[in-house]
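Those protein sequence lines, which keep their order, are chains A and B.
Going letter by letter, the first sequence gives residues -13 to 437 in my numbering.
Going letter by letter, the second sequence gives residues -13 to 437 in my numbering.
Calculated directly from the structure, the hints in this document are not laboratory data.
Wrong hints could be hidden among the right ones.
All copies of an identical chain are treated as equivalent in the list; a pair is satisfied when it fits inside any one copy or across any two copies.
Claimed, not checked - Derived lysine-lysine pairs resembling DSS-like cross-links, with alpha carbons at most 27 Å apart:
{"no.": "1", "residue 1": "Lys279", "residue 2": "Lys373"}
{"no.": "2", "residue 1": "Lys58", "residue 2": "Lys389"}
{"no.": "3", "residue 1": "Lys58", "residue 2": "Lys237"}
{"no.": "4", "residue 1": "Lys281", "residue 2": "Lys377"}
{"no.": "5", "residue 1": "Lys172", "residue 2": "Lys73"}
{"no.": "6", "residue 1": "Lys237", "residue 2": "Lys423"}
{"no.": "7", "residue 1": "Lys36", "residue 2": "Lys58"}
{"no.": "8", "residue 1": "Lys395", "residue 2": "Lys59"}
{"no.": "9", "residue 1": "Lys56", "residue 2": "Lys237"}
{"no.": "10", "residue 1": "Lys233", "residue 2": "Lys349"}
Number of protein chains: 2
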Amino acid sequence: MEDSPLLLDLYELTMAQAYLRYRKNSLATFDLFVRQLPKGRSYLVSAGLKDILGYIKELSFSSSDLAYLKGKKIFSTEFLKYLANFKFGGDIWAVPEGRIVFANEPLIRVTAPIIEAQIVESFFLNTINLQTMIASKASRVVNAAKDREVFDFSLRRTHGAQAGLKVARSSYIAGFNGTATVLAGKLYHMPVVGTMAHSFIMSFKHELDAFLAYALTFPSRTVLLVDTYNTRQGILNAITGGLYLKKKGYKLQGIRLDSGDIVSLSKLARRLLDNTGLGFVKIFASGNLDEFKIKRLLRQGARVDSFGVGTNMGTSIDAPSLDVIYKIVEVTDEEGNFLPTMKLSKAKITYPGRKQVFRIEDKNGRFIKDILGLEKEKISGLRLLKKVVDKGRIVYKSPTLDKVRLALKSELCRFPQGLLDIDSDYMYQVLVSPALKRLQKSLARQLRERQ
Amino acid sequence: MEDSPLLLDLYELTMAQAYLRYRKNSLATFDLFVRQLPKGRSYLVSAGLKDILGYIKELSFSSSDLAYLKGKKIFSTEFLKYLANFKFGGDIWAVPEGRIVFANEPLIRVTAPIIEAQIVESFFLNTINLQTMIASKASRVVNAAKDREVFDFSLRRTHGAQAGLKVARSSYIAGFNGTATVLAGKLYHMPVVGTMAHSFIMSFKHELDAFLAYALTFPSRTVLLVDTYNTRQGILNAITGGLYLKKKGYKLQGIRLDSGDIVSLSKLARRLLDNTGLGFVKIFASGNLDEFKIKRLLRQGARVDSFGVGTNMGTSIDAPSLDVIYKIVEVTDEEGNFLPTMKLSKAKITYPGRKQVFRIEDKNGRFIKDILGLEKEKISGLRLLKKVVDKGRIVYKSPTLDKVRLALKSELCRFPQGLLDIDSDYMYQVLVSPALKRLQKSLARQLRERQ
């Protein structure tokens, strides 16, 4: 349902009919990019390309779609016939998933007959917005947790089920260690984890009964939730459970703190566990966590090994959308020549022409700046945009999720440390090439004169 | 895909296996409710029940689901056999869609064997969270716009495609007049609308060429976007287009302002349109709108007839999640007697027992307060929770979307005016019945003693 070709704004179709009528369906180029980073953020992590390619592959209007559109009585027979044969036949360049990107850098560049380029707009924006937003937020959580494990616990508060799945996948790309969402495990072959809920404990007469019932069912993978009634007593009950398992030759995996003062409770738990020979039992923390709280907990000496992070990451709560836009940057004239174009209205000026992002390394392989330039420019640096669709045919094979995840981890190490500090106001340098600046300036003059 | 039974947190399944092993699969009751309203909000609009019922109807584990779970090597053969025959066989009571609800009032109440009640938890929370959150936010936008039209333009920034569809539906329930999302129109039989994008104008040499091309394609449904280059000139070009259409016997539907000072630009546009005999042309505004901006625009005298509202509504930007929880309130003992239960941990105390929400009217039919009481109490008032599932069978027929929308509109009129003012700190009174208070108190004492 969610990759239906009707998953678009109505104006894409009405504009398309006008283009068709005026034989204006010539090639155009569009850039998809984030205009401004969310406040306090210093980079984005690209995600969503895999779904974009899946969508392009399947994109066609079913007879039921066409019947619905016909029933609206606003589309011409000529246009409905065009849609019946619709296929995406253009070129797409994109930044692979799991790369670091910055404001104004195209994540996707489409060159196609203008109708085709417009029909994919809503889906492309929607997909990149969600997945890049979440991967970017999750990457901050990973940075804050340093070498501790972090798990996605957000399903119950994500914006729908599909968002829950995409959050699991995008946060895993960003370095999360797994998710609680079982279906994400099945679909994306990623680790799934789980502990227990308060209701489990409350359905037994005594907390200890609940602990033992669970531990005996999963002797080698039990994490006991200790804050249902009284957390100190809960820790002691968990120790009783842990010692019982130990006697039977098993290891209690962990205890989970879900409320209260995590710093002091985790220190208490660590001490009590260590003093009873349960030093191997890990301490999990959850409950309204985000990168800021995790950083604070660790700075204050919390003895936490693993964090379960839910709502704040899964909704990107401080920036629940990206300023992601899809702008025309090039049109063709009657003779088929490409002419750069741009928007002029105040504060929304864009960079015209077919562009590439060049990432510049120093001699030690560390990244020092990006340059946004014209594609044809000869700038020596890594080129972020890769060709992924050639005349409608997919020419890029998405790597496995684990490969994407590892690639991001090693790419992050090549950036200055300031980028990874969640509280720093460090800004990585993104320059605009002189040629692109000149083009923008002369085009602005030309467009003002023409109108 | 999104209504798969695996759309849940892993712990629902591990707890289930422990329940099964310890023959603890007896009846329990869970309440789904919002603990606290988001800051600045005075009510919620219930939405999501239709999807809950659809999910309950289809809920079963496929052989592919079971094979995946088996492969995880954590589940017993006995448990997998149980899942293979799994069906939801409990009772569900729910507040119908499009009703006003407040903090602590159960939106859904489930009484079922505890495994069944837990397996539906993640889906129920996820579904109610998204749809109730959006309907509640959208209702504020409708209140702020007073009698002006408001349309959902949010698809490109919602959290995925499914969220886009649910936002269109939920905002329509709340009183929006339609959406730009075509698939929502097809699936939910709701109105779809559209104007044009900047790219359309930029793909023509002159703005006026673009306006005429569109207007001649859709002579009776054209809304011209006037801010691509210079908004004043854009308005004049739109007037040229409008006069041309008028001469041909058509009416230009509107112009759209998407940036700049909407107050002064809309006044200018209104004057110019009126002075040229185009008084019937409507003015649309869009661009980062929400209830606060709409209220301000109207207070400052903006001459806007219709608002397109996107990201801020479609992500519920100031409260991108609800504090929605699913809590066990009743368990059965060995003899099958229902015993109320509750969570004791600090600041998270809940109301135990099987409850009902009673809405009290005055003699003019105006609502004056709600009472959260025990189901068996005799309190005269409207009972918000209705039985929707009886022993697994759906016994409630969801009304059409238009009926839900109208019912909400007329219900809202019966509340004090303060509730509808987006800036007021008015709080509708929700009391807890003396019997429920007594139960909570005595149970707290009992539980503390027991642990």
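We went through each hint and held it up to the structure:
Taking the closest pair of Cα atoms, Lys279 and Lys373 never come within 27 Å of each other, the shortest separation being 40 Å inside a single copy and 42 Å across copies. When the C-alpha separation of Lys58 and Lys389 is checked against a cutoff of 27 Å, the pair qualifies only between copies, where the shortest distance is 22 Å, while the shortest distance within a copy is 46 Å. For the identical chains of this complex, Lys58 and Lys237 are inter-copy neighbours only, at 19 Å across copies versus 64 Å inside a copy, given an alpha-carbon limit of 27 Å. Neither within a single protomer nor between protomers do Lys281 and Lys377 lie at most 27 Å apart by alpha-carbon distance, with minima of 47 Å and 48 Å respectively.
For the identical chains of this complex, Lys172 and Lys73 are inter-copy neighbours only, at 21 Å across copies versus 31 Å inside a copy, given an alpha-carbon limit of 27 Å. In this assembly of identical chains, the alpha carbons of Lys237 and Lys423 never lie at most 27 Å apart, being 63 Å within a copy and 43 Å across copies at closest. For the homomeric pair Lys36 and Lys58, the shortest alpha-carbon distance between copies (26 Å) is at most 27 Å, but the shortest distance inside one copy (33 Å) is not. For a Cα distance limit of 27 Å, the shortest separation of Lys395 from Lys59 qualifies neither inside one copy, at 52 Å, nor across copies, at 30 Å.
In this homomeric assembly, Lys56 and Lys237 come within 27 Å of each other (Cα to Cα) only across copies, at 23 Å, whereas the closest approach inside a single copy is 65 Å. In the homo-oligomer, the alpha carbons of Lys233 and Lys349 never lie at most 27 Å apart, since the shortest distance is 57 Å inside one protomer and 69 Å across protomers.
When held up to the earlier numbered hints, the structure conflicts with 1, 4, 6, 8 and 10 and fits the remainder.
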